[in-house]
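Dock chain B against the given chain A, drawing on the hints supplied.
Residue numbers (the working numbering), protein chains in the order written: chain A, 602 to 881; chain B, 602 to 881.
For the record, the hints were derived by calculation from the structure and aren't laboratory data.
None of the values given here were measured: they were computed from a predicted structure.
Be careful, since some hints might not be right.
Said to hold, decoys possible - Derived pair list, reagent style BS3-like, types lysine-lysine, alpha-carbon separation capped at 25 Å:
hint, chain 1, residue 1, chain 2, residue 2
1, B, LYS760, A, LYS778
2, A, LYS760, B, LYS778
3, B, LYS760, A, LYS760
The lines below spell out each chain.
2 protein chains.
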Amino acid sequence: MTFPLKLQEAWKNNNSLVCVGLDPDRARIPAYLSKDSDVVFSFNKAIIDATADLVCAYKPQFAYYAGQNALGSLRKTLAYLRDSHPEIPIILDVKRGDIGPTAMMYARECYDYYEADAVTVNPYMGSDTLKPFLDDPDKGVFILCRTSNPGSVDFQDLKIEGDGRRLFELVAEKAVKSWNYNGNAGLVAGATFPKDLGTIRRIVGDMTLLVPGIGAQGGDVEAVVKNGLSGTGTGMVINSSRGILYANNGTKFAEGAREATMLLRDQINHARAAILSSQN
Amino acid sequence: MTFPLKLQEAWKNNNSLVCVGLDPDRARIPAYLSKDSDVVFSFNKAIIDATADLVCAYKPQFAYYAGQNALGSLRKTLAYLRDSHPEIPIILDVKRGDIGPTAMMYARECYDYYEADAVTVNPYMGSDTLKPFLDDPDKGVFILCRTSNPGSVDFQDLKIEGDGRRLFELVAEKAVKSWNYNGNAGLVAGATFPKDLGTIRRIVGDMTLLVPGIGAQGGDVEAVVKNGLSGTGTGMVINSSRGILYANNGTKFAEGAREATMLLRDQINHARAAILSSQN
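Isolated chain A, as found in the complex:
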């Protein structure tokens, strides 16, 4: 099944826009798991088992595996996800961006070796660097647009001469006009700038937005839903990582993760219901 279809099914079947970020930090994984042969995988598996009926996607952040010599645990986690929950799409957060032949190698890494359903990519180098990812209609490609971190103002916020709009708005326009030829392009739009999220939504119609920045980074759920919801009442993959993984740091971390995921799902759905009913 293609990523866009898989995501639509997961949105509907789990009635959830929540994505759990699988960013395991060994320094924060509960100590009692340390007897396990693969601590990172054990942690991820417990989180997945506790949340799979509450989410529309999982998003492993590549850096947490690459930086902790745990790429084997990433592969194991992905294999477990595919086997136990083939209905939940996997977004591999790699933020790649490189010249054509190199980007092709990265696409092979993400699509063939890790078998991800979707990836994140960086637009700074332009269209030809995104093409190898977009060319596969089965895969989803989330292009960085307005990111959730403080430094996103440095360049994304600059106004473009002769156009008057800001850089991230031009990225959004390009996504909808040039990059969506397979219907698989999406954008990354941070929860920490809800007004900009609304601007992006107006530019891209119903295109899917991956929204980080809820929870640890301080994004407000209601403002995100109000600004980011698509005309179909979905259109967003709202990610939380630390706020879910470390909601409870003791032996009950999985229960804590389940509760935090449920709470976020319900907050989002509450805000969705209010908006959808006000439109009727």
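Relative to chain A, chain B alone:
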């Protein structure tokens, strides 16, 4: 030794601004090597043995290893380089860019796990995403500025309202004014836009530029040297990958690589000599 010092020594001792890009593509590695247990490493080792006295740096492109399930060969190549040629700096081309805590994990990957002397990073997400790399004064950090690919015009070339300069010029200015607090910041400036290389040089003074795009991508050596040379007659790491690795595709690929590297070094030095003598 810090990266900036190591690079200066290598420029001087080998009288060379050439960097060999270690981007091994299994489909192009000579067939007779296929009996080796680690084809990618064997290929790299032969290239290194044939060129180490002619270069100022090596630049392995992470994607070629990640995309061919060969990260073990990358580690082996780096260990071999450190043991056999500790005087030649290694630039790991990863083009990372992510929020602070994630960037910290990527810095651990590049600096601790791969023990690279320098890295490449993407500025789209802003200052806080570069800081974890720049904070280590021993390491070099090359920030994408004006890249060599056709798509680099899409965003890097846009004029900024109220400033009049283009996006890549603002990146260059930020590099020299804000990001060089440890004296370890550099920029990536493509050989395919020599005029823009000159613009960047005027903005950043003697800051080191990593220059891809010579050879297979069509950049002109003389124009690059004319526009990119620093006041000290160096200031550039001029990379060639495919033009050197596949100069000769038979059993004599290593000799071919040596000849191509020597030719490029001499072309660059010829152009340098002409410029330096005209300045005296």
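List of violated hint numbers, smallest to largest = Violated: none.
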